[in-house]
Amino acid sequence: MLRERLYNLICTTLQGDYVTYDDTSRLTSVFSEQLGLSQELASKLLNQYFRGRYISGETARNLANLIYENLVQMNLDSQLDEYARALKKRRIDSLAREIDSELCRTIRGGYVSYTRAERAAQSFSRTIKIPYEFAYRIMLDYARGKYCSYDAASYYSQMMAERIISKYEIIQIFKKEQYQELSRLKKNKLLQEMKLTQRLKKKTRIATATFLKKKKNQKKKQKKKQRRKPKKNKRRKPKKNKRKKPK
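According to UniProt numbering, the sequence shown holds residues 1 to 247 in order.
What the hints contain is simulated information worked out from the structure, not anything from laboratory work. Cβ atoms here follow ideal geometry from the backbone N, Cα and C, with glycine treated the same way. Heads up, a few of these hints could be off.
[As the list claims (entries may be wrong)] Label pairs and their in silico Cβ distance ranges:
1) Met-194 / Gln-122: 32 to 42 Å
2) Gln-122 / Arg-97: 12 to 22 Å
3) Gln-39 / Asp-17: 16 to 26 Å
4) Asn-75 / Tyr-168: 39 to 49 Å
5) Tyr-114 / Ser-94: 50 to 60 Å
6) Asn-8 / Leu-196: 15 to 25 Å
7) Gln-39 / Asn-188: 49 to 59 Å
8) Tyr-168 / Ser-101: 36 to 46 Å
9) Arg-5 / Lys-146: 49 to 59 Å
10) Lys-195 / Arg-5: 32 to 42 Å
11) Arg-105 / Cys-11: 32 to 42 Å
12) Asn-188 / Arg-119: 16 to 26 Å
13) Glu-98 / Ser-149: 12 to 22 Å
[To be verified] Okay, derived cross-link-like pairs now, EDC-like style, lysine to aspartate or glutamate, Cα gap no bigger than 20 Å in a straight line:
14) Lys-167 / Asp-93
15) Lys-146 / Glu-193
16) Lys-214 / Glu-193
17) Lys-167 / Glu-133
18) Lys-44 / Glu-133
19) Lys-129 / Asp-151
20) Lys-88 / Glu-98
21) Lys-89 / Asp-100
22) Lys-146 / Asp-100
23) Lys-44 / Glu-33
24) Lys-167 / Asp-151
25) Lys-146 / Glu-33
26) Lys-146 / Glu-118
27) Lys-44 / Asp-141
28) Lys-129 / Glu-118
29) Lys-89 / Glu-118
30) Lys-88 / Glu-69
31) Lys-88 / Asp-100
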């Protein structure tokens, strides 16, 4: 897996020492061959993530994860159309300007210790409106242990903006997919309820029609029975012949 290969390569080539400019130049071809990257991209990643840092085991693991996420995002970006890429670039540039201003205000002009990174993350979280844990993680990954000048602040702000936009775009995509899935489930449930209601209505209609038909047939039978009943023969009294008496 690329993530593990990247971690092993960092540990074997850079762990246990500070990374200088000469180290990045020397290792560009190694990273390019081992990871299947272009020379230009390998050089960019080495300078962006390693130069000027002490590489411990934990740092190696964190940087391997960061570079892996960056490569995945680059692959996703290559699938976007021209308009979508331009729109994303504008969002990143706008956010980078805000972050640059915040970094210059909080950590510029000295080496970034854990304490300074923590204070900067608190301010960063409030200003950029992202969770504190994520802001602190970004500060540790990009700024801690480095001297923050104007140029460095501008450089870090661009990388931070790219990471923030990528993370929250992925979250939005996940939320959208989750919403679509919930909508689909609700729609299916409503359809099932509608079908059940229709079946119940149909059964009720059939039952009502059957009941009325039976009732009608019963009435017809009763009428027929009444017609068949023989009438009682009443005996007629014989008429008396009233003869007129002779006068």
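Within a Cα-Cα threshold of 20 Å, do Lys-44 and Glu-133 meet the stated pairing? Outside the cut-off at roughly 27 Å; violated.
Can the suggested window of 16 to 26 Å be confirmed for the beta-carbon pair Gln-39 and Asp-17? The hint (16 to 26 Å, Cβ to Cβ) holds, given that Gln-39 and Asp-17 are roughly 23 Å apart.
With a cut-off of 20 Å on the C-alpha distance, tell me whether Lys-88 and Asp-100 pass. holds (18 Å)
Taking the beta carbons of Met-194 and Gln-122, is their distance inside 32 to 42 Å? violated (53 Å)
Take a quick look at whether Lys-44 and Asp-141 sit within 20 Å of each other, Cα to Cα. Judged against 20 Å, a Cα distance of about 16 Å means the pair holds.
Would you mind confirming whether the straight-line C-alpha gap from Lys-146 to Glu-118 stays at or under 20 Å? Between Lys-146 and Glu-118 the Cα gap is close to 14 Å, so the pair holds against 20 Å.
Beta-carbon spacing of Tyr-114 to Ser-94 - inside the hinted bounds 50 to 60 Å or not: Taking Cβ atoms as reference, Tyr-114 and Ser-94 lie about 30 Å apart, which means the hint is violated.
Holds or violated: are the alpha carbons of Lys-88 and Glu-69 at most 20 Å from each other? holds (17 Å)
Can you confirm whether the C-alpha distance between Lys-89 and Glu-118 stays at or below 20 Å? At roughly 28 Å apart (the allowed maximum being 20 Å), Glu-118 and Lys-89 break the hint.
Given the hinted pair Lys-88 and Glu-98, is their alpha-carbon gap at most 20 Å? Holds, at about 16 Å.
Going straight from one Cα to the other, do Lys-129 and Asp-151 come out at no more than 20 Å? Not OK: Lys-129 and Asp-151 at ~24 Å, beyond 20 Å, violated.
Take the C-alpha atoms of Lys-146 and Asp-100, compute the straight-line distance between them, and say whether it is at most 20 Å. Holds - the C-alpha atoms of Asp-100 and Lys-146 are around 16 Å apart, at most 20 Å.
When held up to the earlier numbered hints, the structure conflicts with 1, 4, 5, 6, 8, 9, 10, 12, 15, 16, 18, 19, 24, 25, 29 and fits the remainder.
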